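2 protein chains.
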Amino acid sequence: MNNELITKLLELAKIAATRNEVPVSAMIISPETGEIIAENHNRCEELKDITAHAEMIVIKEAMQKLGVKRLDGYDLYVSLEPCTMCAGAISLSKIKNLYFFSEDKKGGGVINGVKFFEQNTCHHRVNVYPALKDEFSQILKDFFKNKRNVK
Amino acid sequence: MNNELITKLLELAKIAATRNEVPVSAMIISPETGEIIAENHNRCEELKDITAHAEMIVIKEAMQKLGVKRLDGYDLYVSLEPCTMCAGAISLSKIKNLYFFSEDKKGGGVINGVKFFEQNTCHHRVNVYPALKDEFSQILKDFFKNKRNVK
Numbered sequence: 001m002n003n004e005l006i007t008k009l010l011e012l013a014k015i016a017a018t019r020n021e022v023p024v025s026a027m028i029i030s031p032e033t034g035e036i037i038a039e040n041h042n043r044c045e046e047l048k049d050i051t052a053h054a055e056m057i058v059i060k061e062a063m064q065k066l067g068v069k070r071l072d073g074y075d076l077y078v079s080l081e082p083c084t085m086c087a088g089a090i091s092l093s094k095i096k097n098l099y100f101f102s103e104d105k106k107g108g109g110v111i112n113g114v115k116f117f118e119q120n121t122c123h124h125r126v127n128v129y130p131a132l133k134d135e136f137s138q139i140l141k142d143f144f145k146n147k148r149n150v151k
Numbered sequence: 001m002n003n004e005l006i007t008k009l010l011e012l013a014k015i016a017a018t019r020n021e022v023p024v025s026a027m028i029i030s031p032e033t034g035e036i037i038a039e040n041h042n043r044c045e046e047l048k049d050i051t052a053h054a055e056m057i058v059i060k061e062a063m064q065k066l067g068v069k070r071l072d073g074y075d076l077y078v079s080l081e082p083c084t085m086c087a088g089a090i091s092l093s094k095i096k097n098l099y100f101f102s103e104d105k106k107g108g109g110v111i112n113g114v115k116f117f118e119q120n121t122c123h124h125r126v127n128v129y130p131a132l133k134d135e136f137s138q139i140l141k142d143f144f145k146n147k148r149n150v151k
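Residue numbers (this note's numbering), protein chains in the order written: chain A, 1 to 151; chain B, 1 to 151.
Warning: the hint list may mix true and false statements.
Copies of the same chain look alike in the list, so a pair counts if it fits in one copy or across any two.
In silico BS3-like links for lysine-lysine, alpha-carbon gap of 25 Å or less [stated by the list, open to error]:
1. K69 / K145
2. K60 / K94
3. K69 / K105
4. K147 / K133
5. K94 / K147
6. K48 / K60
7. K106 / K65
8. K48 / K65
9. K48 / K94
10. K133 / K96
11. K115 / K147
Hints listed in this document are in silico derivations from the structure and should not be mistaken for laboratory results.
Just so it is clear, the structure is predicted and the values come from calculations on it, not from any experiment.
The shape of chain A in the complex, shown without the other chains (with noise of 0.2 Å):
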């Protein structure tokens, strides 16, 4: 794990808030390298698609700049843990790590949940690191607080 990498997972969340987004952000890195493949933010409200979480979109990004169809051996590091959609993504695109940086106890598919990395019907399984930060849980505790604050 990179700490560059983990304060800019960070900013990135926190611009998301800023745009009304729920405050969730996602990298493709090379291990390689460091080399950052992709980066964003959850997009749903801008995109008017609420499948258009994080994950998805580096995931597809990185398949894109690379011209690849999977991304074996690539890092993805998330603020919060994947849900069941995304966990199903990343093992389909053969993910080697993931890391991430807060729990989601409510609707995660990782540790929680259908916990997919460890199931049969699950194909690829990916390295799971979490590592929970404080400031990545509270930017969502925040994001929530003040919607509710709005209405």
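Could you slot chain B onto chain A? The hints should help.
Just chain B, lined up with the frame of chain A:
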């Protein structure tokens, strides 16, 4: 369920096979009018994107066409039981009824595997109507048999 739509769905899956795509097709239907809002097949090869499953494509297309972020009340017809990723997307998009016509014991996430719609981390439970028909499983068997013979 509408037999004309089922026939059309099967034809669409067959078209996929001729394009070297895994023959899986999907349609979003308005239950009131019977109108097909979106129809497509797997396009993983064409788009070089392993997440370009038929369900993901039609969900996105239907949201774009209708200008909405979710598909509350709509029906989804799929030739094959959706995988875990697609089950997650189907729930997020709030589709009302899911009809599918072949089972995926190895990779399904609806009546097999994680059975996502039965889990606590699934916040919109879709009505599930499996209506298994031999011709739908047969096109998949034929496709993979041909693939093996070509190798």
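Here's how the hints hold up against the structure:
Taking the closest pair of Cα atoms, K69 and K145 come within 25 Å of each other only across two copies (22 Å); inside a single copy the shortest separation is 39 Å, beyond that limit. Proximity of K60 and K94 under a CA criterion of 25 Å is satisfied in both settings, with 13 Å inside one chain copy and 23 Å between copies. Taking the shortest alpha-carbon separations for K69 and K105, only the inter-copy value of 24 Å comes in at or below 25 Å, while the best intra-copy value is 31 Å. In this assembly of identical chains, K147 and K133 lie within 25 Å of each other by CA distance solely inside one copy; the values are 22 Å within and 47 Å between copies.
With identical chains, the CA atoms of K94 and K147 are at most 25 Å apart between copies only, with a shortest distance of 22 Å across copies and 36 Å within one. For the homomeric pair K48 and K60, the shortest alpha-carbon distances inside one copy (17 Å) and between copies (9 Å) are both at most 25 Å. Taking the shortest alpha-carbon separations for K106 and K65, neither the intra-copy value of 33 Å nor the inter-copy value of 31 Å comes in at or below 25 Å. Proximity of K48 and K65 under a CA criterion of 25 Å is satisfied in both settings, with 24 Å inside one chain copy and 11 Å between copies.
In this assembly of identical chains, the alpha carbons of K48 and K94 lie at most 25 Å apart only when taken from different copies (14 Å versus 27 Å within one copy). Proximity of K133 and K96 under a CA criterion of 25 Å is satisfied intra-copy only: 22 Å inside one chain copy versus 37 Å between copies. For a Cα distance limit of 25 Å, the shortest separation of K115 from K147 qualifies neither inside one copy, at 29 Å, nor across copies, at 32 Å.
Of the numbered hints given earlier, the model fails hints 7, 11; all others are met.
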